[in-house]
Amino acid sequence: MTILLDPTAGRQKLSIEPVPRPASLAGLTVGLLDISKPRGDVFLNRLAERLTAAGATVATYKKPTFTKPAPVDLRQQIATECDAVIEALAD
Amino acid sequence: MSASSSPYSPSITDGFIAVVKQDCPTCEFVAPVLADMAKSDRPLVVYTQDDPSFPAGLDPIDDTDLGFSWHNDIETVPTLLQLEGGVETDRTVGWDVEQWRQLTGIPDLGDGLPPFRPGCGSLSVDPSVAPDLEIRFGDSVLTSPRIELATLEDEMEVAFDRGWTDGLPVVPPTEKRVMAMLAGTTRAPDDVVAVIPPELNEVTVEQVAVNAVLAGCRPEYLPVVLAAVEATCNDDFNMHGLLATTYFSGPILIVNGPIAQRIGMNARGNVLGQGNRANSTIGRALQLVVRNLGGGRPNGADGRPGVDMALMGSPSKVGLCFPEREEDSPFAPLATDRGFAPATNTVTAVAGHGPSAIVDQLSRTPESLIGSLAAVLRSEGHPKLAMGFGATLVVGPEHGRIFREAGWDRARVHAEIEQRLLLDTDPILRGVDGIDEGLPPALAGNQVPKFRPGGFLIVHAGGDAGLFSAVLGGWVGGPTGSIPVTTEITDIPQ
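As given, the protein sequences belong to chains A and B, one line each in that order.
If you want the working numbering, it's the 1-based position in the first sequence plus 120.
If you want the working numbering, it's the 1-based position in the second sequence plus 41.
Take these hints with a grain of salt, some might be off.
[What the hints assert, rightly or not] Computed beta-carbon distance windows for the label pairs: (1) B:189 with A:173: 22 to 32 Å; (2) B:140 with A:123: 21 to 31 Å; (3) B:342 with A:123: 40 to 50 Å; (4) B:534 with A:194: 20 to 30 Å; (5) B:100 with A:123: 31 to 41 Å; (6) B:224 with A:165: 52 to 62 Å; (7) B:191 with A:138: 50 to 60 Å; (8) A:175 with B:189: 50 to 60 Å; (9) B:342 with A:165: 29 to 39 Å; (10) B:488 with A:165: 29 to 39 Å.
[Stated by the list, open to error] Stretch by stretch, here's where chain B covers chain A in the computed footprint (C-beta under 8 Å, at least three residues): (11) 139-145; (12) 187-201.
[As the list claims (entries may be wrong)] For the chain B half of the interface with chain A, some residues (derived, Cβ under 8 Å), not all of them: (13) 186; (14) 219; (15) 236; (16) 240; (17) 336; (18) 340; (19) 521.
No wet-lab data here; the hints were simulated from the structure.
Since this is a predicted model, take the numbers as computed values, not measurements.
Glycine is no exception: its CB is placed at the ideal position from the N, C-alpha and C atoms.
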């Protein structure tokens, strides 16, 4: 019988449940993260207008560079200050 | 030796144990001696390593699995052990009549026989089986999860099915191969090497060694692989961003120092191409570490999702590692010019891809040649863009000779190219020449360097013939992208 060593070291994926989807955005703080790509602000500003019209308070954040993950402190700040985050990726 | 009740403990607590094999003239020679000992009043037990019926008439114990021999550190046959109270108190190896008589207390033992015959090697230390015995009987230091394959499973197909490979076959990482790989470094298997993106998993020497086996590395490459993992998986080099980008680049590894020749790397013909095991597998090992231990997979390439979003990637993303051709280089070794002592073994990691060719078969002066090199480098990425992507210039030896004979070192070549690549912004602004791409209008009336400082490297490599050099195009340079990192290769067994 052949026995192999797992080259993934049995990688455990950390799984975090997102908060429940809110029924309405009224009165909630919604976070938008600018990843520092050119013209990202044009897109995000338009989103902010729509969200404000829907009764949400918009908090905006910015990553120092699009090439690296957001700093831990920034992620923590977003988690603390927001009720909902719109998560999407575009280029 | 203890008297505990393992299946490989001695079967007696007082008396003698002889370990023999039939395929040993000295063991055949001592068989009558053992028969004489069996007639004495002290117990004698014989373990036999190969033929369970040898020696005839002595009712030998079958040790063909070599468990007793391994547990009792038998290196030579015959070995005669003396036990008292369950503890080994003495042993002798081979045939030495005085020692056997002294040990057994039988004064006329072996009378008439020659006084001395050297023993034979114990099967338990035969290099072809010893690693298997170590795995079977030793306390394994390996902590990786084991995957047992069914009899009908093909181990190569298992590797593909489980997503361990880059699309090429891999070497199945058995315990024996991983143990052999770990002998390539003096670092402990549980030593943490780095935190691997994108999942940011802490990985150990053992886990890197498993992937080095997978990639096809020999054990002596492992220190280079470990240094490559350290050089790339940090915030400066930014392996995370390099993996995730839509751009073409991957980690390029440039090896300096005597280790390159020692492990048989190729700095000459096809240096960036095919045909050399060390060149081909070290870079691949790093990529497999990122893939398997960091979870960094090319999105959709094998039907599975991944965070590597490269639009096209490049063949060099399978792995690109090469040594600098130091021996007749016009330059000091790259690592020396980057601050390391001469002859230090290092890996320099730089983000890039390629190569693309630079042809100049007519220049015979450094001034003319530098003009050619700069002209091609100017168009890297786009001739109207600057300060974005980096590049590595690989100077071919026939071009290098022109610099060497003129006494131009790396700093001089660097400075001359930088001077030629200090670009006036007006001709490369957006819209100029009817091309929308270009520098933003705010930079009008300025000069900018083509490459961000620190984002342009020069190395010397390639075969003897061919008036060419090469550009390894780079990725976003500087602190918002990837900064080249040089790491010393350490913990090499002597």
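Hints and how they fare:
| no. | hint | verdict |
| --- | --- | --- |
| 1 | B:189 with A:173: 22 to 32 Å | 60 Å, violated |
| 2 | B:140 with A:123: 21 to 31 Å | 43 Å, violated |
| 3 | B:342 with A:123: 40 to 50 Å | 29 Å, violated |
| 4 | B:534 with A:194: 20 to 30 Å | 44 Å, violated |
| 5 | B:100 with A:123: 31 to 41 Å | 35 Å, holds |
| 6 | B:224 with A:165: 52 to 62 Å | 60 Å, holds |
| 7 | B:191 with A:138: 50 to 60 Å | 39 Å, violated |
| 8 | A:175 with B:189: 50 to 60 Å | 58 Å, holds |
| 9 | B:342 with A:165: 29 to 39 Å | 36 Å, holds |
| 10 | B:488 with A:165: 29 to 39 Å | 34 Å, holds |
| 11 | 139-145 | violated (count 0) |
| 12 | 187-201 | holds (count 3) |
| 13 | 186 | 4 Å, holds |
| 14 | 219 | 5 Å, holds |
| 15 | 236 | 12 Å, violated |
| 16 | 240 | 7 Å, holds |
| 17 | 336 | 6 Å, holds |
| 18 | 340 | 11 Å, violated |
| 19 | 521 | 4 Å, holds |
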